[in-house]
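Student: Letter by letter, the chains look like this.
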Amino acid sequence: MGQLRVLWQIALRNLFASKINVIIGFIILGGTFLVVLGGSMLDSMDAAMSRSIIGSVAGHIQVYSSQSKEALALFGNMGGEAEISALDDFSKVKKTLETVPNVERVVPMGINAALVQSGNTIDLTLGELRGVLNHLRDEGESPERREKAESLKAHVRQQVEVLKADIAKARLISKASAEDAEDAAVIERVSSEAFWKEFETRPFDQMEYLENRLAPMVSDADLLYLRYAGTDLKAFQKNFDRMRIVDGAPVPDGERGFLFAKLFYEETLKLKSARRLDKIKEARDIKSKRIATDDELKRWVKENSTQTREFLLQLDGIKTRELVARLQKHLGSKETELSALLGSFFTTTDENFDARYAFFYEQVAPLLQLYRVRVGDTLSIQAFTKTGYMQSVNLKVYGTFMFEGLEKSDMAGGLNLMDLVSFRELYGYLTAEKKAEIAELKKKSGSREIAREGAEDALFGEDAKVVEASATPGLIDDSASFGDTAQALRNKELASRVYSQDEIDQGVVLSAAVMLKDPTRIQETIAEIHAAAERDKVPLKAVSWQEASGLIGQFVLMAKLILYFAVFVIFIVALVIINNAMMMATLRRVHEIGTMRAIGAQRAFVLSLVLMETVVLGLLFGGLGMLFGSGLVGWLHSVGIPAGNDALLFFFSGPRLFPSLTVGNLVAAFVIVMLVSAISTLYPALIATRVSPLRAMQAEE
Amino acid sequence: MDPIVSIRNVTKDYTLGKTVVSALRGVNLEVHKGDFISIAGPSGSGKTTLLNLIGCVDTATGGLVQVVGQSTGQLTERQLTDLRLHAIGFIFQSFNLVSVLSVFQNVEFPLLLQRKWTAAERRKRVDELLTQVGLQSHAKHRPNELSGGQRQRVAIARALVTQPQLVLADEPTANLDSVTGQNIIDLMKDLNKQQGTTFIFSTHDPKVMSHANAVVRIEDGQIKDRISAAEATLAVAAGH
Chain A
1 MGQLRVLWQI
11 ALRNLFASKI
21 NVIIGFIILG
31 GTFLVVLGGS
41 MLDSMDAAMS
51 RSIIGSVAGH
61 IQVYSSQSKE
71 ALALFGNMGG
81 EAEISALDDF
91 SKVKKTLETV
101 PNVERVVPMG
111 INAALVQSGN
121 TIDLTLGELR
131 GVLNHLRDEG
141 ESPERREKAE
151 SLKAHVRQQV
161 EVLKADIAKA
171 RLISKASAED
181 AEDAAVIERV
191 SSEAFWKEFE
201 TRPFDQMEYL
211 ENRLAPMVSD
221 ADLLYLRYAG
231 TDLKAFQKNF
241 DRMRIVDGAP
251 VPDGERGFLF
261 AKLFYEETLK
271 LKSARRLDKI
281 KEARDIKSKR
291 IATDDELKRW
301 VKENSTQTRE
311 FLLQLDGIKT
321 RELVARLQKH
331 LGSKETELSA
341 LLGSFFTTTD
351 ENFDARYAFF
361 YEQVAPLLQL
371 YRVRVGDTLS
381 IQAFTKTGYM
391 QSVNLKVYGT
401 FMFEGLEKSD
411 MAGGLNLMDL
421 VSFRELYGYL
431 TAEKKAEIAE
441 LKKKSGSREI
451 AREGAEDALF
461 GEDAKVVEAS
471 ATPGLIDDSA
481 SFGDTAQALR
491 NKELASRVYS
501 QDEIDQGVVL
511 SAAVMLKDPT
521 RIQETIAEIH
531 AAAERDKVPL
541 KAVSWQEASG
551 LIGQFVLMAK
561 LILYFAVFVI
571 FIVALVIINN
581 AMMMATLRRV
591 HEIGTMRAIG
601 AQRAFVLSLV
611 LMETVVLGLL
621 FGGLGMLFGS
631 GLVGWLHSVG
641 IPAGNDALLF
651 FFSGPRLFPS
661 LTVGNLVAAF
671 VIVMLVSAIS
681 TLYPALIATR
691 VSPLRAMQAE
701 E
Chain B
1 MDPIVSIRNV
11 TKDYTLGKTV
21 VSALRGVNLE
31 VHKGDFISIA
41 GPSGSGKTTL
51 LNLIGCVDTA
61 TGGLVQVVGQ
71 STGQLTERQL
81 TDLRLHAIGF
91 IFQSFNLVSV
101 LSVFQNVEFP
111 LLLQRKWTAA
121 ERRKRVDELL
131 TQVGLQSHAK
141 HRPNELSGGQ
151 RQRVAIARAL
161 VTQPQLVLAD
171 EPTANLDSVT
181 GQNIIDLMKD
191 LNKQQGTTFI
201 FSTHDPKVMS
211 HANAVVRIED
221 GQIKDRISAA
231 EATLAVAAGH
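Chains as they are written, first to last, in our numbering: chain A, 1 to 701; chain B, 1 to 240.
Hints may contain errors.
Unchecked claim - Chain B is faced by these chain A residues, among others (derived, beta-carbon under 8 Å): (1) Asn-14; (2) Gly-600; (3) Pro-693.
Everything labelled a hint here was simulated from the structure, so no lab data went into it. Model, not experiment: these values are computed from the prediction. The beta-carbon is built from N, C-alpha and C at its ideal position, and this holds for glycine as well.
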């Protein structure tokens, strides 16, 4: 005890006896500080991301078909969707999974992509006009209908004027090609009084001309690439606590419907000018960027002030006059051209931005259609089925949603949701109704299925009747054969149908999210699921949420690796520095060590002497580092770290990260620091034990 | 009575590169309990080497070195260290105190290494020694707060605290002025008389030599003669 005490005292008093020790001390302090801070940040980020990912789509475990060619990637791969084989009957999968004791709930899922035609502004206006004309024809005249029709007609004529101006401008810049000439001819015709006079008498012929010739000239129709997850929406909302409806309402239980991911909705369906205003506001408010200094903001302002055509196309005569008046008042301008007014309105500076942003949403936006597709609209989704046919489904858009924490992530924020039945239809899986429908059709047409080998016989043989080859069993897009009304009718019927839980469960899915009772036992549960799948002969493969989230999961891992590597490098450097410093310190003390040896200290004593000094150094400065680190983490926990850029928003799973400290972080820091100190002192300590007692006899240098 | 130190025909060679330097060439010496012996000789004569061999901090190349009945040539490094700890006290030319420890702790240090004393025993022992060297009032001071003579007295207390059979002092007065050096030698002499502790010290100061029972003169690695202090003083005065 006494020896230990004297070692401790020597170490303690030697602490400030040399500058070297102080230097080493500060390295240890810095290292510990970093480990505590970095470890806590990393763990907090990991926890935040885990919570977001588990709570959004992944669940704790994902299961999918073991016959799949590629690994499941919930948030998509670099080159599109992963090739996943279907699981034929979800109810069986669910039954098997539910035999595993740690499984709490199972949510069916299928992720796919489709194309959606968003329609251009002229298309939309013409569509509206045709609707009113149909009403007039079918249900007779009424003053409101007539007025509406006239207003829409005026709107179309205004759009024609915009296009006419476009062409005139284009003429100034370049020589007209043959195509341009054709366009010019169309414009010439539809802007003539004669055309509109004829419209009075033969509206539908003229409509057709407009729809076929005029609408295609506007090239702003977007073909949207839509990623969606088909799921049991009721179960999904119940199990994924991170999902939150932003606009509209959830899809009613058992009904078919579509929910847009908020980010996707904003990025692709919102009026571009409004979107840019939002982005400028966000950059200014959250990231404290300024229009005057930031190139990206400057670019957005410029784009907004020049790209105003969408406004001219969208607004009819009345609204145009209204907007001109409002802008004139706000800007204090006498300008009468809307495009010029908009140009100067959108030329925002840091001084007037907030006022104009507010004015835009109060006064300008109500006159416009801010989104191409609105909540309540019907969305027509087209997808290639598994066998390569185009399938189309019309779905009501009930609202938008977001996954809290991942709302800014392009990958996760781009995943939309639809009901499982619609997903199956788009995926090319035959629903019960469709099977019945096809059977009915076959019966009516008298067709029968024949094998391919017998096809020739059947066709040209004696009893040749109407045949249907079995190469594409029932996957022909039969909706093509229906007329417009029939298709609409059928979709309407389907859309309003309420499906039972059994209908939702019994059918094809691509994967299923598994929620666990004890989330810490992911790996064991995966093994149990595999065993259960083998027993029930269901081809299942289970993967952890990290694995299933593909790139996103990898990002977390990568960030961790990078940070651990950085810490590793820091400590290697520290190791070298401490080692060198300790060597110097030891060499300076050979006289003292030699004296102790001469007086009768064993080598072990000298070893403990040097090690004790490092321990004291580590304890003191490591402790200080931990204290400072904890202090900073504590402070950050109360104020939060703002996410300065989009990458951080993703890693923080929100606008601010509130790091918290665990005992594990402190223990890890302590162990690492002590280990590094001990390792770096080992060699100097060894050298010290080799100091001969003869050194005591030599004169001190 | 067996001698405390018995040296027979001892040689010590150092290798310096390719040349071998013989520091001691066939030395014979016996030291008995209660002796107060000075080893004298010019620098390079081998007196420090001889002291190192007696002090068990070095081993001989040839011959037999026996310290308190143990043949040092046959002991392991560990055993030699143990022997130093229990049987020998050291007084160094430059005092060699542990600078970060107090006077009390420096004196206590060998007792701690021995690991056989309780705190109370240690305290009693250290207090006794500090009283003997006249430094009881300085127990809490650090070495750098003391004068050279005071430091050497602390070193003497440290050397004697374990009650060793043999105390070795390598030029104990070389770093002290003559009056202080005189006091130190007087102190050593007192302790030798009162407690019968054997002292062997090297010096080339004739005044210091004069206190010895015997002066062993060494030259070129060999013992020239063993004479009385009075003879030695005369010899120095005569310029030999």
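Student: All the hints need checking, so say for each whether the structure fits it.
Tutor: Evaluation of the provided hints:
1. Asn-14: Holds, because the Cβ-Cβ distance from A/Asn-14 to chain B comes to roughly 6 Å (cut-off 8 Å).
2. Gly-600: 3 Å, holds
3. Pro-693: 4 Å, holds
In terms of the numbered hints stated before, the structure departs from none.
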